[in-house]
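Protein chains: 2
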Amino acid sequence: MEREFALISLKGLTKPFDLNNLTIGRMDLIARCISSAFFISYAIRRNVIFNIFLYGPPDPPKNIILCGEELEGISPDEKGICRKISEVLKKSKNLKLNEIKKIEKGIYVGRRSFENFIKQKAGEKNIIYLHPKGKDIREYEFKKSFLFVLGDQKGLPEKTEKLLENLGAEKVSLGKIEYLASHCIVIVNNELDRRGL
Amino acid sequence: MEREFALISLKGLTKPFDLNNLTIGRMDLIARCISSAFFISYAIRRNVIFNIFLYGPPDPPKNIILCGEELEGISPDEKGICRKISEVLKKSKNLKLNEIKKIEKGIYVGRRSFENFIKQKAGEKNIIYLHPKGKDIREYEFKKSFLFVLGDQKGLPEKTEKLLENLGAEKVSLGKIEYLASHCIVIVNNELDRRGL
Chain A
1 MEREFALISL KGLTKPFDLN NLTIGRMDLI ARCISSAFFI SYAIRRNVIF
51 NIFLYGPPDP PKNIILCGEE LEGISPDEKG ICRKISEVLK KSKNLKLNEI
101 KKIEKGIYVG RRSFENFIKQ KAGEKNIIYL HPKGKDIREY EFKKSFLFVL
151 GDQKGLPEKT EKLLENLGAE KVSLGKIEYL ASHCIVIVNN ELDRRGL
Chain B
1 MEREFALISL KGLTKPFDLN NLTIGRMDLI ARCISSAFFI SYAIRRNVIF
51 NIFLYGPPDP PKNIILCGEE LEGISPDEKG ICRKISEVLK KSKNLKLNEI
101 KKIEKGIYVG RRSFENFIKQ KAGEKNIIYL HPKGKDIREY EFKKSFLFVL
151 GDQKGLPEKT EKLLENLGAE KVSLGKIEYL ASHCIVIVNN ELDRRGL
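Chains A and B, in that order, are what the protein sequence lines are.
Residue 46 in the working numbering is what sits at position 46 of the first sequence, and the numbering runs on without skipping anything.
Residue 46 in the working numbering is what sits at position 46 of the second sequence, and the numbering runs on without skipping anything.
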């Protein structure tokens, strides 16, 4: 089954950036999330779609979409992944609102807000977000194709949580501890692997 | 309960290295494992001890030990972690065999082989290694304080697996898929968190 993730990065840079300084805009965090979403030993998960919503300077919002089905020439290290992101951002100037542009096999970019994206997805997919008070993922019943929404180091903004609630999104928990976003993705993938989803 | 990990890195560099090129010796992989072992949201796991055994050029073996209890000034990004490792290696010259030297709070380095280390641990701890044919971790009964042994991108060398078997180590599985070492650590930590271990 397809596994779709959406990561909201409030500080994530929206122009090409210095690959030797990835903590600016916490691009390192974004890279680790992508690594967790796609990489297993010697292979890429072909059934994963990963959406990044960048809200940092100087040109927000930018929405980068990675599709495992077609993804090529990417390695699991932070710098390698950030090189790809930076290249994508270089080609993302002058996009019209809601226009989605193909950059290379499996990589797309658009000027699209998370709000716009999620409203469209709400009809199509079961939307899930991680919350300490949510239902334990090990007991959660995945009903149809789903979309996991994740926040960056600050978690999800309050207004995003409200939007998700209004759209009927469901809360899921990974246990008692609050994990880094990239680690949440690993745990979610492991649970889905075990269920053969 | 204390959680101890040991990562064997056959190519991991044993002298200070270029922080802008972390894929040489796969120092990026080592950094991700450390990140997975110690970091949760806004905190460091104080009950984790992480041993790295570096067997790459030019001066193997080197054993770096990180103790969560005392660890300070470390961030979860690859470059930040590798900066620490490189600084440790700078101070690791002229070590005598099996000598362990304190570098700073929570960080030690020694010229010690994995074989020597594990033979000593065998009496003290329940040794576990990840193997696709092992017992499912969700059903595994952790008996006493334990030590998880992990390989790098090539897995564990055959002779290491034999040594572990001879020492009575137990095989544990995380499901049907072979994961990256750093992702294995996340899954193991999640399982232990759930059990309150």
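Treat the hints as calculated values from the structure; they're not laboratory data.
Honestly, I wouldn't trust all of these hints.
The list treats identical chains as interchangeable, and a pair is accepted whether it falls inside one copy or across any two copies.
Claimed, not checked - Think about it this way: if two alpha-carbon atoms lie no more than 30 Å apart in a straight line, the pair counts; the simulated BS3-like pairs of lysine-lysine are:
no.	residue 1	residue 2
1	Lys105	Lys159
2	Lys79	Lys144
3	Lys101	Lys91
4	Lys144	Lys90
5	Lys176	Lys93
6	Lys105	Lys176
7	Lys135	Lys91
8	Lys171	Lys15
9	Lys135	Lys15
10	Lys176	Lys96
11	Lys125	Lys79
12	Lys105	Lys171
13	Lys143	Lys96
14	Lys162	Lys143
15	Lys176	Lys102
16	Lys11	Lys84
17	Lys133	Lys90
18	Lys143	Lys79
19	Lys143	Lys11
20	Lys96	Lys133
21	Lys91	Lys79
Structure-based check of each hint:
1. In this assembly of identical chains, lysine 105 and lysine 159 lie within 30 Å of each other by CA distance neither inside one copy nor across copies; the values are 34 Å within and 41 Å between.
2. Taking CA atoms no more than 30 Å apart as the test, lysine 79 paired with lysine 144 passes in neither setting, with 35 Å inside one copy and 39 Å between copies.
3. Taking CA atoms no more than 30 Å apart as the test, lysine 101 paired with lysine 91 passes inside one copy only; the shortest distance there is 9 Å, against 50 Å between copies.
4. Taking the closest pair of Cα atoms, lysine 144 and lysine 90 never come within 30 Å of each other, the shortest separation being 36 Å inside a single copy and 53 Å across copies.
5. Taking the shortest alpha-carbon separations for lysine 176 and lysine 93, neither the intra-copy value of 42 Å nor the inter-copy value of 43 Å comes in at or below 30 Å.
6. Taking the closest pair of Cα atoms, lysine 105 and lysine 176 come within 30 Å of each other only across two copies (29 Å); inside a single copy the shortest separation is 39 Å, beyond that limit.
7. Taking CA atoms no more than 30 Å apart as the test, lysine 135 paired with lysine 91 passes in neither setting, with 41 Å inside one copy and 48 Å between copies.
8. For the identical chains of this complex, lysine 171 and lysine 15 are neighbours neither inside a copy (33 Å) nor across copies (47 Å), given an alpha-carbon limit of 30 Å.
9. Taking the closest pair of Cα atoms, lysine 135 and lysine 15 never come within 30 Å of each other, the shortest separation being 38 Å inside a single copy and 47 Å across copies.
10. Taking the closest pair of Cα atoms, lysine 176 and lysine 96 never come within 30 Å of each other, the shortest separation being 43 Å inside a single copy and 44 Å across copies.
11. Taking the shortest Cα distances, lysine 125 and lysine 79 never come within 30 Å of each other, neither inside one copy (32 Å) nor across copies (37 Å).
12. In this homomeric assembly, lysine 105 and lysine 171 never come within 30 Å of each other (Cα to Cα): the closest approach is 33 Å inside a single copy and 39 Å across copies.
13. Taking identical chains as interchangeable, the C-alpha atoms of lysine 143 and lysine 96 are never at most 30 Å apart, the minima being 35 Å within one chain and 60 Å between chains.
14. Taking CA atoms no more than 30 Å apart as the test, lysine 162 paired with lysine 143 passes inside one copy only; the shortest distance there is 22 Å, against 44 Å between copies.
15. For a Cα distance limit of 30 Å, the shortest separation of lysine 176 from lysine 102 qualifies neither inside one copy, at 40 Å, nor across copies, at 34 Å.
16. Taking the shortest Cα distances, lysine 11 and lysine 84 sit within 30 Å of each other both inside one copy (18 Å) and across copies (26 Å).
17. In this assembly of identical chains, the alpha carbons of lysine 133 and lysine 90 never lie at most 30 Å apart, being 40 Å within a copy and 46 Å across copies at closest.
18. For a Cα distance limit of 30 Å, the shortest separation of lysine 143 from lysine 79 qualifies neither inside one copy, at 36 Å, nor across copies, at 40 Å.
19. Within a single copy, lysine 143 and lysine 11 get their C-alpha atoms no closer than 33 Å, and across copies no closer than 44 Å, so neither meets the 30 Å cut-off.
20. Taking the closest pair of Cα atoms, lysine 96 and lysine 133 never come within 30 Å of each other, the shortest separation being 39 Å inside a single copy and 52 Å across copies.
21. In this homomeric assembly, lysine 91 and lysine 79 come within 30 Å of each other (Cα to Cα) both inside a single copy, at 19 Å, and across copies, at 26 Å.
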